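In terms of the working numbering, the sequence shown opens at residue 2 and continues consecutively.
Just so you know, the hints here were simulated from the structure itself, not pulled from any lab data.
In this text, all values refer to a predicted model and were calculated from it rather than measured experimentally.
From the three backbone atoms N, C-alpha and C, an ideal C-beta is built for every residue, glycine too.
Be a bit skeptical, because a hint or two may be false.
No farther apart than 30 Å at their CA atoms in a straight line, the calculated lysine-lysine pairs in the DSSO-like style are these [what the hints assert, rightly or not]: (1) 180 / 200; (2) 45 / 180; (3) 243 / 159; (4) 45 / 141; (5) 213 / 174; (6) 200 / 45.
Just the calculated beta-carbon pair ranges, DEER-fashion [unchecked claim]: (7) 45 / 223: 29 to 37 Å; (8) 256 / 72: 22 to 30 Å; (9) 176 / 55: 34 to 42 Å.
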Amino acid sequence: MFVLLFSCHRSAEKSKIEEQAKIGVIEAIEIPVAPMEPSLDSIKLNLNFKPKENYQTILNTIATDRAYFKALYQTHPAKAIDSASHYLYSKLLNDIVPHWYGTEWDFNGHTNIPNDGDIACGYFVSTTLKHFGFNLNRYKMAQQAGLTEARMLQANAKLKTFRNLSFENLKIKINSVYKDGIYFVGLDNHVGYVVIKDKELYFLHSSYCDDKVVIELAERSPCFTSNIYVFAEISTNNDLVKNWIFNTRLNVPIN
Numbered sequence: 002m003f004v005l006l007f008s009c010h011r012s013a014e015k016s017k018i019e020e021q022a023k024i025g026v027i028e029a030i031e032i033p034v035a036p037m038e039p040s041l042d043s044i045k046l047n048l049n050f051k052p053k054e055n056y057q058t059i060l061n062t063i064a065t066d067r068a069y070f071k072a073l074y075q076t077h078p079a080k081a082i083d084s085a086s087h088y089l090y091s092k093l094l095n096d097i098v099p100h101w102y103g104t105e106w107d108f109n110g111h112t113n114i115p116n117d118g119d120i121a122c123g124y125f126v127s128t129t130l131k132h133f134g135f136n137l138n139r140y141k142m143a144q145q146a147g148l149t150e151a152r153m154l155q156a157n158a159k160l161k162t163f164r165n166l167s168f169e170n171l172k173i174k175i176n177s178v179y180k181d182g183i184y185f186v187g188l189d190n191h192v193g194y195v196v197i198k199d200k201e202l203y204f205l206h207s208s209y210c211d212d213k214v215v216i217e218l219a220e221r222s223p224c225f226t227s228n229i230y231v232f233a234e235i236s237t238n239n240d241l242v243k244n245w246i247f248n249t250r251l252n253v254p255i256n
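The task is simple: from the sequences and hints, build the whole structure.
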């Protein structure tokens with residue numbers, strides 16, 4: 002059986018142009034604060050919703066910190082992986098993503114600068130991962146079906162696929178196999194991140210329902226409705242974390 006999950010971005014002509022574009026230095030721009038879902042408590046979630054620091058400064062700090070984890074891995078590999086996993090979770094959600102909240106969604110959006118231009122769902126994922134320091138082509142990743150994007154992050158045998166479930170049953174199954182962390186999810190025609198915190202599911206994505214980047218309770222998100230969900234671990238994925246530490250290339254699977 003073949004499973005096809007399509008990202009919200011599909012434009013071959015636009016993609017060809019994008020492949021020729023150069024990714025320049027992220028400019029320092031003033032970021033407006035995007036309103037969050039009223040029910041989300043940043044203190045309870047231990048998440049930062051407001052941008053802090055200059056964006057390029059954040060990216061530079063991450064690049065410097067990676068050298069520390071690489072050195073630590075030489076003497077204490079398990080400690081390096083564990084520490085880097087927590088670092089990935091915190092830096093991605095609390096430093097990088099807050100700059101992207103409120104960035105406008107567009108089917109063909111591919112901006113490289115938060116809140117300057119539009120961003121499609123696949124590009125939001127690939128660009129934020131690229132900015133964290135994963136060695137990947139953000140264009141090629143965003144242009145893949147959701148299943149293929151998931152396979153770029155985790156071995157096919159370790160992916161979890163859930164089909165035709167009510168949200169209640171999906172939540173039970175996810176919490177039976179996953180712990181707190183950040184995960185990639187591919188849906189019927191959409192992709193994004195799922196953040197698990199204290200067994201609650203939050204959907205972080207460039208929303209075609211709200212026309213912007215948001216984080217919200219997955220249960221309340223109309224964009225989270227799907228017949229199929231393919232999950233790949235990110236912050237809890239030791240192999241992926243090691244790939245980040247050593248700057249290993251993440252390629253599109255060829256089969």
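Exercise for the section: State the violated hints by number, sorted upward, taking the hints as numbered earlier in the document. Expected result: Those not satisfied are hints 4, 7 and 8.
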